[in-house]
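Position chain B relative to chain A; hints supplied.
Letter by letter, the chains look like this.
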Amino acid sequence: MSAAAAPANGSGPRGGVELDCAAAPPATVLVRGARLLDPRAGLNGVSDVLVRDGRIAEISPTIAAPEGGEVVEAEGLHAFPAFVDPHVHLRTPGREDEEDIDSGTRAAAAGGFCAILAQPNTDPVVDSAPVLRSLRERARVEARIPTGFMAAITVGQDGERLTEMADLADAGAAGFTDDGLPVRSAGVMRQALQYQRLAGRLLALHEEDPSLSGNGVMHEGEMSALLGVAGIPSVSESSMVARDCALALYEEGRIHVQHVSARETVDAIERAKAAGCQVTCEATPHHLLLTDEAVRTLDTNMKMNPPLRSDADRRTLIEALRSGAIDFIATDHAPHAREEKEQPFELAPMGVTGLETAFAALHSGLVVPGVIELSLLIERMTAGGDPYGLEIPQLRPGAPANLCLVDLEADWDVGDAGYESRSSNCAFAGRRLTGRVRMTIADGAVAYRERSFALGAVA
Amino acid sequence: MQPHLLSVDELSRDDIERILGRAESFAEVSGREIKKVPTLRGRTVINLFYEASTRTQSSFELAAKRLSADLITLKAAGSAVDKGESLKDTVQTLSAYDPAAIIIRTPHAGAAALVARWTSAAVINAGDGKHEHPTQALLDLYTLKRRAGSLEGLRVWIVGDVLHSRVARSNILAFTRMGCEVTVCGPPTLIPRGIESLGCAVRYTLDELSSADVVYALRMQRERMSGSFVPSLREYAARYQIDGRRLGPSQLLMHPGPVNRGVELAAEVIDSPQALIAEQVESGVVVRMAVLYELLAGRGAPNDARAGAETEPQPA
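Top line first, the protein sequences correspond to chains A and B.
Under our numbering, the letters of the first sequence match residues 1 to 459, in that order.
Under our numbering, the letters of the second sequence match residues 1001 to 1316, in that order.
A few of these clues could be false.
[As the list claims (entries may be wrong)] Away from chain B, derived, C-beta distances all over 10 angstroms, residues of chain A:
1. Pro25
2. Val46
3. Ser60
4. Ser134
5. Ala166
6. Asp170
7. Leu181
8. Pro210
9. Arg243
10. Gly276
11. Pro349
12. Met350
13. Pro369
14. Gln394
15. Gly430
[To be verified] If you want the footprint, here are the derived chain A segments under chain B, 3+ residues with CB under 8 angstroms:
16. 213-222
17. 226-234
18. 336-347
[Said to hold, decoys possible] Short derived list, chain B residues pointing at chain A, Cβ under 7 angstroms:
19. His1108
20. Gly1110
21. Arg1166
Hints in this document: simulated from the structure, not taken from any laboratory.
If you're wondering where the values come from, they're calculated on a predicted model, not measured in any experiment.
Using N, Cα and C, we set each Cβ at its ideal position, and we do this for glycine too.
So that you can see chain A by itself, here it is in the shape it has in the complex (with noise of 0.2 angstroms):
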C-alpha cells in the first residue's frame, strides 16, 4: 500500500506512513459475479470487477475475460474492500516460536485483511531506527501484505525516556505505543504529545493506572468474586484514558486509544471529543462479543488485558460502534505459546489471537442475529489505518486492488489447530462461525485463496 496524504494533524510534517510486503507479481483478474459491498463507494449491487495490473480497472455488470489473467467465479460470494487492522502482534524480533512475520500476515490474509501494524512491545522492543529498519527489511522479504510497524514511546517501554521518536518516524514508524503497558506518568505522557510536534504520527495508548490494576488479571465484577480471582476496575482503563485526553487537549495533540474495554472509557471518549480533543478509538471482536462469564471456566483463551467485561459493558460498545464513538476495530492478535496458556489462568499470559476469526466472528455475532448491519461491519473493519495515515481500501476504478471475497453463507468450526498463525489461542475456538473468507488480494496481488477455493485459469 503506497503512502497516504499527511491528514492536517499528528502524522504532519514528517508525511504519510510506509508500509512494507514482499514483492508479489501484480494480478490481473475478473472477480465475476460477486455481490459487491462498499459503502464508502456507495456500492451494494451484483457486478464483476477487473482487477488489472493490481489496480482495480473496472466495474460493471458484464466485463470480458482479461487476456492471460485469471477468471474467479464469485456467483453467491460478497467483495468488500480488504480490512484494515492496525493493532497485531507479530511476536517478531524474539517469540518468533509465537508468531513471524510470514505466519502473522498469511493469518492476516486469510481474515481477510489487506494491511496491517504490527506493536512493538518485542524483544528487542522496537525502539530504535536499527531495531526498526531491520524488521522493515524482513518484511519485505516475508510479509505476505503490507506491514507497518509502530515503534515504543519510552525506551525498552520503561515508561520514563522518550525513543528517539523523530528518527524513528523517518525510519518509518508508522506510529508509537508502549502497547501492553500504559506511559504511568502523566509527565512523560506529556512529553510525547508536545514531541509529536516534531516527529509527527499517531500515539497510539494502552489504557490503564496499573495501581488500580494491581494484580488483576479479570474483569472485576461478579464472576471476579465468585471465582476468586483478582479484577481490574473499569476506572483502571477509564481514569487514564480521562487523564490522556485532557492532556493532548492541552498539547493540541492526537492520540489513539487502543482496545477500549469499559462503558466508563466510552463516555471519557464521548465527552473529550465533544470538547475538541483530537482522539480516536478502537474496540476489538472479543470486547464485542464476549462478556467475563465466558471466564467461569477459567479458560485462559478468556484471558487478556484489557480482560473480558460485562454485558453493559459489551452493549456500551456496540452502541458505541454504531454510534461511530468507536473508530473502528482491531483485533489485538496476540499469540501465545500453547505450554504458556496451559498453565492455571492466573499463571497464563494475557492475550488472544483474532486475525482469522474477526470477520467470521462479528459477523455470526452481531450482524447475522440483526444486532448490526453488514455495510456498518465493512466500515468498521476498513478504517483501522485512517488515524495512523493509511488510505481506506475503496472499491473503485483506479484504486490499488484491495479487497476480500466471502462467502457469508459457509459455517465453520473454529479448531484448536488449523490455523494460518503460528499460534492457537483464539477466544473464538471450539465456536461454530458463519461467513468464510475464500481471496485476498492485498495492494494488488493476492495474498490469500482458500486451498478449495478453484480458480480458472483463462487461456
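For chain B alone, kept in the frame of chain A given last:
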C-alpha cells in the same frame, strides 16, 4: 454430582446432604477401635500439595488410609515441580500410576479444574488459590449441623479477610445452599466488589453481630497483607476481633484454622464451649472419607470398585 469435587458452586443441596449423611456413617466407624474399612483397597490416592497445609493434608491422608487406599503424598518442594516441571506434565506423569483420585492444593484459581482435564482420575480440590476450598465448607456444614441440629434458617456471619479467602467463598455458597442467611463482614478493603451476587449481605462493622447465630471468623492472612489493606493489625483487631464482649453466650464460633490468637480471635473465645474449632478439625477426616467414598465408590464408580461398597461401610 460430577466425577470430581472442584467447587461448592457445582454441588446441589441433595449432593451436600448425601455427603453429610455418608460422613455420619463414617463417624460411627471412627468411634470403633479399628477405624478402617476396605472400600478402597487396592486403589491409589495421590495427595498433590503445592502449598503448605497441616489440617487438610493430614486429614485427607487419614481419610484415604481409613478407606484402605494406597496413598502417595507429594509436596512441591523436593519434587519435579522444583525442577520446573509444568503442572500438566506432573499430572500426566502421576496419572501413569493409574490413581483413582488426585487431591490437589495449589495457589492458583482453577488449577484443580485444569487437572481434571488432564487425568482420568477423580480430582478433589483441596484449595485453589483464592477460589474455593469445598471440603472445608463441607466439614463446616457437618460440624455445625451436628451441634445446631438443623442448618435451615441459621444466621451466619463470616468475619474478616473475605477478599483473600477461598474458605469464605466456598462457605458463602455452602451455607446459603443449605438455607442459612449469610452476612460477610470486614474492612471495606477486604470485601470484594460484587460479593453480594453470591447471595450474602455485606456489613463493614460488627454493630449488628448480635443478630448472628453463628460467627465464622476467617484467618487474617498476614502473609497476604503485602498491600495496605488494613492500616495495622492493631486497628484490625480493635474493630473486628471476636472477643468475649462481642460474642454473645448463645452464639456459636467457628474458624478454619490456624488461628492467629489475639488478632481475629481473643483467647477467651477460642477456649470457650461455644467454639467449634476443635470439632471442625475432627470432622475433617470423616467428611473427606465421605467425599472419597462418594467419588470413588458411590454412584458412577467402576463396578469392580463397588464390591462390598454397595451398602453402609463395614469395618475391615
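Against the structure, the hints:
With a least beta-carbon separation of about 46 angstroms from chain B, proline 25/A lies farther than 10 angstroms from that chain, consistent with its non-interface assignment. Distance check on valine 46/A: its Cβ is at least 48 angstroms (rounded) from any Cβ of chain B, clearing the 10 angstroms threshold; non-interface status holds. With a least beta-carbon separation of about 56 angstroms from chain B, serine 60/A lies farther than 10 angstroms from that chain, consistent with its non-interface assignment. Its beta-carbon lying about 32 angstroms from the closest one in chain B, serine 134/A satisfies the requirement of being farther than 10 angstroms from that chain.
The Cβ of alanine 166/A lies farther than 10 angstroms from every Cβ of chain B, with a closest approach of about 41 angstroms, so its non-interface assignment holds. Separation of aspartate 170/A from chain B is adequate, the least Cβ-Cβ distance of about 44 angstroms exceeding the 10 angstroms criterion. With a minimum CB-CB distance of about 21 angstroms to chain B, leucine 181/A clears the 10 angstroms threshold, and the non-interface call stands. For proline 210/A, the condition that its CB be more than 10 angstroms from all CB atoms of chain B holds, with the nearest at approximately 13 angstroms.
Against the 10 angstroms criterion, arginine 243/A stays outside the reach of chain B, whose nearest CB is about 22 angstroms from its own CB. Distance to chain B confirms glycine 276/A as a non-interface residue, since its nearest Cβ pair spans about 35 angstroms, more than 10 angstroms. Chain B leaves proline 349/A outside its interface by the beta-carbon criterion, the shortest separation being 14 angstroms against a cut-off of 10 angstroms. Against the 10 angstroms criterion, methionine 350/A stays outside the reach of chain B, whose nearest CB is about 15 angstroms from its own CB.
Every CB of chain B lies more than 10 angstroms from the CB of proline 369/A, the least distance being 27 angstroms, so the non-interface label holds. Remark: the non-interface label on glutamine 394/A is consistent with the geometry, its nearest Cβ contact in chain B lying 46 angstroms away (cut-off 10 angstroms). Look at glycine 430/A: its CB is around 13 angstroms from the nearest CB on chain B, clear of 10 angstroms, so calling it non-interface holds up. Taking a C-beta to C-beta cut-off of 8 angstroms, the region 213-222 of chain A contributes 4 residues in contact with chain B, enough for the three needed, and the coverage statement holds.
Coverage of a stretch by a chain is defined here by at least three residues with a beta carbon nearer than 8 angstroms to that chain's beta carbons; for the region 226-234 of chain A and chain B the count is 7, and the condition holds. Against chain B, the region 336-347 of chain A contributes 7 residues with a C-beta closer than 8 angstroms to a partner C-beta. That satisfies the three-residue criterion, and the hint holds. The beta carbon of histidine 1108/B is positioned within 7 angstroms of a beta carbon in chain A (closest approach about 3 angstroms), and the interface hint is therefore held. Interface hint status for glycine 1110/B: upheld, as the beta-carbon distance to the closest one in chain A is roughly 3 angstroms, under 7 angstroms.
For arginine 1166/B, the suggested interface contact is upheld, since its CB lies about 6 angstroms from the closest CB of chain A, less than 7 angstroms.
When each numbered hint is compared with the structure, no violation occurs for any of them.
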